[in-house]
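Participant: In the order they appear, the protein sequences are chains A and B.
Sequence positions in the first sequence follow the numbering used here and run 897 to 1155.
Sequence positions in the second sequence follow the numbering used here and run 897 to 1155.
Just so you know, not all the hints are guaranteed correct.
The list treats identical chains as one, so a pair stands whether inside a single copy or across any two.
[What the hints assert, rightly or not] Cross-link-like lysine-lysine pairs, in silico, DSS-like; alpha carbons within 25 Å at most: (1) K1104 with K927; (2) K1104 with K912; (3) K1104 with K978; (4) K1109 with K904.
It should be emphasised that the hints constitute simulated quantities derived from the structure, not laboratory data.
Below are the chains, spelled out letter by letter.
Number of protein chains: 2
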Amino acid sequence: MITTTQLKHIRSLQMKKFRDRHHQFVAEGEKIVQELIASDFADVVSVYATVDWIEEMEAHIPENVDKVTVSPKQLERISSLKSPNRVLAVVNKPQHTPPAAFAKDDLILILENLQDPGNLGTIIRTADWFGVRHIFCSPDTADLYNPKVIQASMGSFLRTRLYYTDILTFIKNNSSQIPVYAASTGGESLHNMSFTLPAAIVIGNESKGLSEKILKAAQKKISIPSGKESQQFEVAESLNAAMAAGILMACIRSKTAAT
Amino acid sequence: MITTTQLKHIRSLQMKKFRDRHHQFVAEGEKIVQELIASDFADVVSVYATVDWIEEMEAHIPENVDKVTVSPKQLERISSLKSPNRVLAVVNKPQHTPPAAFAKDDLILILENLQDPGNLGTIIRTADWFGVRHIFCSPDTADLYNPKVIQASMGSFLRTRLYYTDILTFIKNNSSQIPVYAASTGGESLHNMSFTLPAAIVIGNESKGLSEKILKAAQKKISIPSGKESQQFEVAESLNAAMAAGILMACIRSKTAAT
């Protein structure tokens, strides 16, 4: 049985303020919770699940995890999803520290003030596909533990590390060792560039792009050519930020693939 | 002043059934409505706007367009947006016919049963960026005139033509003249392929991918290599459908760019 205190606590974790205060977040749905339990990403504190889910999964849930049975109706009340999916987990936020040095095949993402949780989730999922392990975010970027980010990342947040940090300092400290490519419509066409790894890609805010100080700190500006350049017709004003990140990761991985 | 009949009519157009019955759709927001009025995409029947918008725009609105003044409160009642933006237009659905032949630099998209309106909107915006002018959709693909598609496309629906049609027949009729690349995780790596235009890319449903009959009809299967192949770590199970479409468009445009 779920108590009123538990119910209030879980619902409060939909807000960043309370996630920060309690150092906890919520993950939902069978697939994500199973992956969470099996991974070393973070400690699951408790699961709130239907009787049948707990019976099925009993053997796979560590003993130190609280198991609370809830009715489908109660699950609806604590869920942030339109269609709750049998289980919800309360998880301690992990403390990940960036690596001391990057590996020779590392491709790194840096995000400045990315606002849309759906975009951040899509970027994490795509980064995971392309083997991007480290994402450095300015503190004003959307929160990884926003339920929408967790859902949109489709479990990929378990394999990708996000660090909220002063990205300007990070770029200044690292740009002598690794090339930093700032995505900007005024940059050089990515198709004309060659790349070495490790390297970093910087993606800016959905409407404002990258700030002047970040553009200045990055050595290189990189652009994704539109149909306009070769074909002289009117085109969209810009690409979606997640799409731009995905295309840059795909092209750089392709151009640096071991043959 | 808006009448109750008008209010009901506009709200009914949020549903495909009524858009189909009345051959009309709704577009919202200053930027999209201004672009619509200036474009030859379709006929605007009426605009419902705040007094100040109508005063500002009077000179740019053709005479045959009905202009109805609404209060911000009324606009909220007829809008499908969380934050309505001064104007909403009721528009006659256009009848676009596919070109008799494709141009020598045409890159074409074919979508099978793409379900998410946000994905379809993002695909249209990205297609527009890469100069993709023609998108052929299976009849069970999300509706172009769904308000979420219109919003996510960011005005790009005005420059891209969508045709809802029997895509299997379309592929069979065209695959002797143009190469048809079906996106499939089992396909050949796009990085190892060379391309000629005109060409077509086929993208499948978000969870099921492409159907067997479409995969069979397309001559070539194409895949986007993940980090896994070169780096042996676990990665995301798949890319988002819109992301896959965007990466394929970017790479094929890059490999066929006139130099």
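Participant: Against each hint, give a clear statement of whether it holds in the structure.
Facilitator: Hints and how they fare:
1. K1104 with K927: between (36 Å within a copy, 17 Å between copies)
2. K1104 with K912: Close inside one copy (24 Å), not across copies (34 Å); limit 25 Å.
3. K1104 with K978: This pair counts as between: shortest inter-copy Cα distance 22 Å, intra-copy 32 Å.
4. K1109 with K904: neither (42 Å within a copy, 51 Å between copies)
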